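Visitor: The residues making up each chain are set out below.
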Amino acid sequence: AMDTDLSSQDRKDLDKFIKFFALKTVQVIVQARLGEKICTRSSSSPTGSDWFNLAIKDIPEVTHEAKKALAGQLPAVGRSMCVEISLKTSEGDSMELEIWCLEMNEKCDKEIKVSYTVYNRLSLLLKSLLAITRVTPAYRLSRKQGHEYVILYRIYFGEVQLSGLGEGFQTVRVGTVGTPVGTITLSCAYRINLAFMSTRQFERTPPIMGIIIDHFVDRPYPSSSPMHPCNYRAGEDNGAVYPSVEDSQEVCTTSFSTSPPSQCVFTVTKAHFQTPPPVVTDTLKVPVMGLAFSHQLSSSRLSYQPAALGVGSADMGYPVLFGGLNAAHPHQLIGPGKEGGVPPIPSQPAHGTQADQERMCTPLDGVHYSAATPSSSEDTETVSNSSEGKCGSPHDLLETIFIRKVGAFVNKPINQVTMANLDIPFAMFAPKNVELEDNDTMVNPPDSPDTESPLQGSLHSEGSSGSSTGNTHDDFVMIDFKPAFSKDDILPMDLGTFYREFQNPPQLSSLSIDIGAQSMAEDLDSLPEKLAVHEKNVKEFDAFVETLQ
Amino acid sequence: PCSTHCCTPPGAAPTMNCRAEVLEVSVEGRQVEEAMLAVLHTILLHRSTGKFHYKKEGTYSIGTVGTQDVDCDFIDFAYVRVSSEELDRALRKAVGEFKDALRNSGSDGMGQISLEFYQKKKSRWPFSDECIPWELWTIKVNVVNLANEQERQICREKVGEKLCEKIINIVEVMNRHEYLPKMPTQSEVDNVFDTSLKDVQPYLYKISYQITDSLGTSVTTTMRRLIKDTLAL
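Keeping their order, the protein sequence lines are chains A and B. Taking the numbering used here as reference, the numbering of the first sequence is continuous, increasing by one, and the terminal residue is 549. Taking the numbering used here as reference, the numbering of the second sequence is continuous, increasing by one, and the terminal residue is 233.
What the hints contain is simulated information worked out from the structure, not anything from laboratory work. Values in this document were obtained by computation on a predicted structure and should not be read as measured data. Every residue gets a Cβ at the ideal spot worked out from N, C-alpha and C, and that includes glycine. Mixed in with the good hints there might be a few duds.
Listed next, the stretches of chain A that the computed footprint assigns to chain B, with coverage defined by at least 3 CB atoms under 8 Å from CB atoms of chain B [what the hints assert, rightly or not]:
id, stretch
1, 53-61
2, 101-115
If you want a taste of the chain B side facing chain A, the calculated C-beta under 7 Å gives, among others [unchecked claim]:
id, residue
3, V65
4, Y79
5, V80
6, N169
7, V173
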């Protein structure tokens, strides 16, 4: 009968509910795979901007991706919204872990009250989603991401594709909500064959030296919709990158009525939001809130070769600067490798001393990074002067700069450490500036510099201002260093300044090669003795091991 | 206030129209608290709303419920709870008492903790108000003793997996959209919801527990009132 058809207002409301439900679903899922604990506050006074009466933050990029995938459509029969969660290792292997599906079937509930019952049941369904996202295997994996793998998400709209989950995948139903136009169902299909991905395997691999390599990654992604890492956070004021679609500013102020019971007043008002701060561009997205990593990565982490990771533009980490800095000592870039060590990556020479430059480099896979190079400055002189004629081959002219990300227990925001492959064993564990002669910090370890003007300093930590690492090559001229984004709400400065300022902290003395080599030599000498002692006590050890069986 | 015997007497079968769900877990002694909190918080997450604010003409608006992740220390498990310190405190108090009672009962710890949602029905004097339960959750607990560290490690993981199953079970029940009390008018709201907390509003609930000794008989029955309503006496 006609009176059971949906009124146009109800229809509009329902469509809006479904749309925002879809967006919030994506937020909950992605946030649950960020690798961090989520915490939002209850508020007794309705703010009017919390859909479904739940405090669920909106990560702007995630909303953007979801809207892109939906392209103005709503889930309907045969057109489901899917959030695919996958894992990608540092070696480039990837594996689908879960597919979350928001589907609509044809079973209609004409009697149900849209603005009341449907709304409340959608709220309940989101709560169930919050609970269920913590109990599938991918949750624990995502909490431990960072060292050896990352968790990525991908949103697509259309037919559900479960084939990537391997055999024997399981499904869990989160819930259903009947509406006059169909029944919304939310479920998750998840891979169970994670045997070789047990989190314990990753826990056994310790991080190396607490050094992080962070890098911008230029990501060519072949498949239809791009993957994104889950583990970044764009804070509210970190820039709504994307032009806010008009209804992203709509708030839902729902009033319910108890008398008469069936009446419902539903108002939608526009909220006033601040102009979003400067946006993060697509090619140079940096998880400025990467500091959020810190509590997970107390001893920092070793990231991996950009190309191998194949992760999209810098969602992963910070820039890593490669650069040829010293013509005198041929050496290789040590990069991360399969054993958790750092494989060699040749690089072209570049002017090495300006703090705020990125360098051209040719990593093994040939992905090129854009380079901004130092302009001739007072340092050029010093550089040329201090360089000697001993040029290694261009390929060998390389210094790797690793930027330490702020760990939870690190006082300095970023420490920069350089590594070189010298002719000593375990050299890669002892980062070192390689400089010439009296600028050689092996001989004269640098003092802590004042970091106010990174433009002065050499890329390696410098003692006196003006001392440089010496590089003859003058191939690159820096025009300007303009970070593509600028706001960082952790520190009260723009990113460019931050970047420049923190590029040249001093090298940790404990990491200097002489101390390292010394203690290394001592350790090696004492080994035979220690072995003898252990051999004597072998029975005790065996007994101990027995008790652990 | 609700009188002491208005609700289902301990040990009696649930009244009609009160749906009852039973969950069972086997845990080590030190895991009891976290396991119980995980289950109770998950249930209450679904059974709490934002604070109601009544306006004129009988309309009301609803506050916002925040949530937070909780990691367990003795179980490889994490769960989501409502962001309300008052509610968390109330649950911890109840679970703490349950855990102590279990421990004091002897090493064969078996017991159950119940979470009951009820509605109050006002009666005329001299009759006291009735409490009508509409949903009853019972969590049966079996405390195991483990011999060595390896067993404990396995237990951490196994109990974590079991709790994942329990969460899925709870969500299944919630999804049935079965009876829920009607949304109350302003004058009735305290008969349906616990309005004493400042940031969230759970349905009226009470928690009770029973300890079973090794002979399988019920040794202690304790009713604890965890909401601010005082006993009518």
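Visitor: Do three or more residues from the stretch 101-115 of chain A put their C-beta atoms closer than 8 Å to C-beta atoms of chain B?
Guide: violated (count 0)
Visitor: Go through the hint on B:Y79 and say holds or violated, using the shortest Cβ distance to chain A against 7 Å.
Guide: holds (6 Å)
Visitor: Would you settle whether the hint for B:V65 is holds or violated, based on the nearest Cβ-Cβ distance to chain A being less than 7 Å?
Guide: holds (5 Å)
Visitor: Once the shortest beta carbon distance from B:N169 to chain A is found, is it less than 7 Å?
Guide: violated (11 Å)
Visitor: Can B:V173 be said to touch chain A, with a Cβ gap under 7 Å?
Guide: Violated - the Cβ of B:V173 stays beyond 7 Å from chain A, reaching only about 10 Å at its closest.
Visitor: When the nearest CB of chain A is found for B:V80, is that gap smaller than 7 Å?
Guide: holds (5 Å)
Visitor: Verify the coverage statement for the stretch 53-61 of chain A against chain B, using a C-beta to C-beta distance below 8 Å and requiring 3 or more qualifying residues.
Guide: holds (count 3)
Hints 2, 6 and 7 from the list above are not met by this structure, while the remaining hints are.
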